[in-house]
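K.L.:
Chain by chain, the residues:
2 protein chains.
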Amino acid sequence: MKISIQQNTLSKAIGIVQRGVSSRSTLPILSGVLLRAINDELILTGTDLELGIETKVKCNVIEEGSIVLTSKLFGEVVRKLPPEEISIEADMENNVHINCGNSKFNIVGQPYEEYPQLPELDEEKSFHISKELLRSMIKQTIFATAQDETRPILTGALMEIEKSEASLIALDGYRLALKKVKIDYSEDIKVVIPAKTLSEVSKIVDEDESDVKISTTENHIIFSAGPTVVTSRLLEGQFLNYRDIIRSEYKTKAVVSTKELQSSIERASLLAREGKNNLIKLDISDDTVVITSNSEIGDVYESIPIKLEGDNIQIAFNSKYILDGIKAIESEEIELYLTSNVNPCIMKPLNDESYTYLVLPVRLA
Amino acid sequence: MKISIQQNTLSKAIGIVQRGVSSRSTLPILSGVLLRAINDELILTGTDLELGIETKVKCNVIEEGSIVLTSKLFGEVVRKLPPEEISIEADMENNVHINCGNSKFNIVGQPYEEYPQLPELDEEKSFHISKELLRSMIKQTIFATAQDETRPILTGALMEIEKSEASLIALDGYRLALKKVKIDYSEDIKVVIPAKTLSEVSKIVDEDESDVKISTTENHIIFSAGPTVVTSRLLEGQFLNYRDIIRSEYKTKAVVSTKELQSSIERASLLAREGKNNLIKLDISDDTVVITSNSEIGDVYESIPIKLEGDNIQIAFNSKYILDGIKAIESEEIELYLTSNVNPCIMKPLNDESYTYLVLPVRLA
Numbered sequence: 002m003k004i005s006i007q008q009n010t011l012s013k014a015i016g017i018v019q020r021g022v023s024s025r026s027t028l029p030i031l032s033g034v035l036l037r038a039i040n041d042e043l044i045l046t047g048t049d050l051e052l053g054i055e056t057k058v059k060c061n062v063i064e065e066g067s068i069v070l071t072s073k074l075f076g077e078v079v080r081k082l083p084p085e086e087i088s089i090e091a092d093m094e095n096n097v098h099i100n101c102g103n104s105k106f107n108i109v110g111q112p113y114e115e116y117p118q119l120p121e122l123d124e125e126k127s128f129h130i131s132k133e134l135l136r137s138m139i140k141q142t143i144f145a146t147a148q149d150e151t152r153p154i155l156t157g158a159l160m161e162i163e164k165s166e167a168s169l170i171a172l173d174g175y176r177l178a179l180k181k182v183k184i185d186y187s188e189d190i191k192v193v194i195p196a197k198t199l200s201e202v203s204k205i206v207d208e209d210e211s212d213v214k215i216s217t218t219e220n221h222i223i224f225s226a227g228p229t230v231v232t233s234r235l236l237e238g239q240f241l242n243y244r245d246i247i248r249s250e251y252k253t254k255a256v257v258s259t260k261e262l263q264s265s266i267e268r269a270s271l272l273a274r275e276g277k278n279n280l281i282k283l284d285i286s287d288d289t290v291v292i293t294s295n296s297e298i299g300d301v302y303e304s305i306p307i308k309l310e311g312d313n314i315q316i317a318f319n320s321k322y323i324l325d326g327i328k329a330i331e332s333e334e335i336e337l338y339l340t341s342n343v344n345p346c347i348m349k350p351l352n353d354e355s356y357t358y359l360v361l362p363v364r365l366a
Numbered sequence: 002m003k004i005s006i007q008q009n010t011l012s013k014a015i016g017i018v019q020r021g022v023s024s025r026s027t028l029p030i031l032s033g034v035l036l037r038a039i040n041d042e043l044i045l046t047g048t049d050l051e052l053g054i055e056t057k058v059k060c061n062v063i064e065e066g067s068i069v070l071t072s073k074l075f076g077e078v079v080r081k082l083p084p085e086e087i088s089i090e091a092d093m094e095n096n097v098h099i100n101c102g103n104s105k106f107n108i109v110g111q112p113y114e115e116y117p118q119l120p121e122l123d124e125e126k127s128f129h130i131s132k133e134l135l136r137s138m139i140k141q142t143i144f145a146t147a148q149d150e151t152r153p154i155l156t157g158a159l160m161e162i163e164k165s166e167a168s169l170i171a172l173d174g175y176r177l178a179l180k181k182v183k184i185d186y187s188e189d190i191k192v193v194i195p196a197k198t199l200s201e202v203s204k205i206v207d208e209d210e211s212d213v214k215i216s217t218t219e220n221h222i223i224f225s226a227g228p229t230v231v232t233s234r235l236l237e238g239q240f241l242n243y244r245d246i247i248r249s250e251y252k253t254k255a256v257v258s259t260k261e262l263q264s265s266i267e268r269a270s271l272l273a274r275e276g277k278n279n280l281i282k283l284d285i286s287d288d289t290v291v292i293t294s295n296s297e298i299g300d301v302y303e304s305i306p307i308k309l310e311g312d313n314i315q316i317a318f319n320s321k322y323i324l325d326g327i328k329a330i331e332s333e334e335i336e337l338y339l340t341s342n343v344n345p346c347i348m349k350p351l352n353d354e355s356y357t358y359l360v361l362p363v364r365l366a
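Protein chains in written order, with the numbering used here: chain A, 2 to 366; chain B, 2 to 366.
To be clear, the hints were calculated from the coordinates, so they are not data collected in a lab.
A portion of the hints provided could be inaccurate.
Any copy will do: because identical chains look the same in the list, a pair fits if it lies in one copy or spans two.
Straight line, CA to CA, 20 Å or less: simulated DMTMM-like cross-link-like pairs of lysine to aspartate or glutamate [stated by the list, open to error]:
| # | residue 1 | residue 2 |
| --- | --- | --- |
| 1 | 105 | 300 |
| 2 | 183 | 123 |
| 3 | 181 | 284 |
| 4 | 349 | 250 |
| 5 | 73 | 300 |
| 6 | 3 | 149 |
| 7 | 105 | 288 |
| 8 | 81 | 325 |
| 9 | 105 | 86 |
| 10 | 308 | 275 |
| 11 | 81 | 300 |
| 12 | 73 | 49 |
| 13 | 254 | 207 |
| 14 | 105 | 261 |
| 15 | 81 | 275 |
| 16 | 321 | 166 |
| 17 | 81 | 336 |
This is chain A alone, in the form it adopts within the complex (with noise of 0.2 Å):
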């Protein structure tokens, strides 16, 4: 393989390329990302075998071929050389010669062939998405996914498409975030996609102008943004039914500010926090909602303003799953749903059915 290329169009390509590789790998040739120098285009590869993530770069190609270089010495490698001409050669015995400038490296590399395939994947079902609509989706529900490996289908978001709109939905045991948007594909789609995956791909569209499409097979689904594809296994098992935790009856409805209701639930955390499970106490009554907490080191009590429709109710939270869900809502003014202090708490943008977050409340003895 001989190549030569601009310093900072490499540059670019590796820093996507190596989302898809872990820096905790067993297999040591995960932690290289494969080169191929086919016609007029360099195309690189990262992978830990559940993602892959595959980019593709125009240049100088004087010998087609493939190597495997360790990602994060070439990366920083190639981030440390002027912005230049740099060329690349591997000889017969996998040694790569990197010069730029007054630079040259040798560098021991890999052979290819030991590098794992990606796998082919024949399409079954594909639609195209804005990068800013994709984005938002995953923004807004990835931070509910589950953490922990308990429920391995919870560490993943539902992706469902039903009548021409796409839903998102992730869901931890505690609190549940919903995004709909509309799209212009009719066929129904039902995928578990890990929470990484949906990480890497809401960075990489961020890097691209391009809209993006996605394509599932029965086992994995594939992201292609311009010259960048992200393949991934999907989660398999059973998703909640998410439809029969979101209620639509309520008897208190509470209109309030975005901002304000996160300052004050913010303020309040701060003594929460000192004590367990980081309680927050909501009485909601009239025209204000009192928001109170306690610890050994003292209390709390904030008053903001609403508008309710229905009845007076007082409630407990932990403030993170409060704030998470105030955080991830963009309009000034919350609608907040609420039943009893044992039913969950509804949360929405104010005369907005797209974004729904849902948080149990913590019972009080």
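Following the hints, position chain B against chain A.
P.N.:
Same frame as chain A, now just chain B:
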């Protein structure tokens, strides 16, 4: 005690004195900040007994008095309050009531009588220095203080005033950094200041517009910057006679671009890091310095043009120590002075005697 004060004024003052509070103190009262309301001022104090920081702000004193509040919690509460007037009132039981807008906090305080008094010091000698000069003196030397406690005196920097010249010197057995500036003061001073003190002073003067007054007593040093006073114990013991280490004879003088030298050594150190000692080799001959390094995973060869006077030389260094010095030099070109491959290398900014960095070579087998 009862006061009212603007949120941003109080928040800034807490940020300053919190630098003096240790998070690892064994004495509970030291995790607090002392508040004293006197005349029309609030005086705040934080200390870990080695280092004490005091600052004062104007406020509306309704009732004079003093109280100690947990530094971390008090700081966070004030930072999260809206930018309005805050009322703070301590009652007879040391409970503190903090009110601002629609927020009411009650926090358990501690009696001010238990807070240690900062030493009352008679300033023996004192001089003024501009904050820019003081900051650059600290920044260019502090990194060369010893990190381990085997020779406690080397965890500080020597401040030496002689013939209207102030020098700050730090060394750790592997390298030495020396910065000299002219000041308007003719007496002699020789004290060793803990690195932590210098680091905090550097951050505090950053936030203030005033010049700094430095005063010394037998065992203490006092930095006064506007409304803020930093008092620190001095380190006891004899500092190394650094003048004996910095020789003026040399056999090789090379002038090289600071940026090129830094980039090349940074790249070389990517491979040096993989081996032992971060070892890089410099081969200075004629009009070029060649920098090489190698490890199991590969090798690197960098060449940079130089202006050479004197002998050719081959010498090896720990790349970290030489990089620290290059980064501390602000001029576009660096002068390197060398004698042999077992004698120290001295680095200076081009045509500038105010800064000296000395680094020991690594002897090759």
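K.L.:
How would you classify residue 81 and residue 300 at a CA-CA limit of 20 Å: within, between, both, or neither?
P.N.:
So residue 81 and residue 300 pass the 20 Å test across copies only (15 Å; inside, 52 Å).
K.L.:
Since the copies are identical, ignore which copy is meant and state whether residue 183 and residue 123 lie within 20 Å (CA to CA) inside a copy, between copies, both or neither.
P.N.:
Answer is neither; intra-copy 26 Å and inter-copy 75 Å both fail.
K.L.:
Please sort residue 349 with residue 250 into within, between, both or neither, judging by C-alpha distance up to 20 Å.
P.N.:
within (14 Å within a copy, 76 Å between copies)
K.L.:
Between residue 105 and residue 300, at a C-alpha cutoff of 20 Å, which is it: within one copy, between copies, both, or neither?
P.N.:
between (64 Å within a copy, 8 Å between copies)
K.L.:
Go through the copies and call it for residue 81 and residue 275: within, between, both or neither, with a Cα cutoff of 20 Å.
P.N.:
Intra 45 Å, inter 16 Å, cutoff 20 Å: inter-copy only.
K.L.:
For residue 105 vs residue 86, is the C-alpha pair at or below 20 Å within one copy, between two copies, both, or neither?
P.N.:
within (13 Å within a copy, 62 Å between copies)
K.L.:
Tell me, please, which holds for residue 321 and residue 166 at an alpha-carbon limit of 20 Å: within, between, both or neither?
P.N.:
neither (30 Å within a copy, 56 Å between copies)
K.L.:
At 20 Å max between alpha carbons, let me know whether residue 254 reaches residue 207 within a copy, between copies, both or neither.
P.N.:
neither (37 Å within a copy, 50 Å between copies)
K.L.:
Is it within, between, both, or neither for residue 3 and residue 149, if the alpha carbons may be no more than 20 Å apart?
P.N.:
neither (45 Å within a copy, 48 Å between copies)
K.L.:
Quick one: residue 181 to residue 284, C-alpha cut-off 20 Å, is that within a copy, between copies, both, or neither?
P.N.:
Intra 31 Å, inter 64 Å, cutoff 20 Å: neither.
K.L.:
Is it within, between, both or neither when you check residue 105 against residue 288 at 20 Å Cα-Cα?
P.N.:
Close across copies (19 Å), not inside one copy (72 Å); limit 20 Å.
K.L.:
How would you classify residue 73 and residue 49 at a CA-CA limit of 20 Å: within, between, both, or neither?
P.N.:
within (14 Å within a copy, 41 Å between copies)
This entry does not satisfy hints 2, 3, 6, 10, 13, 16, 17, going by the numbered hints stated previously.
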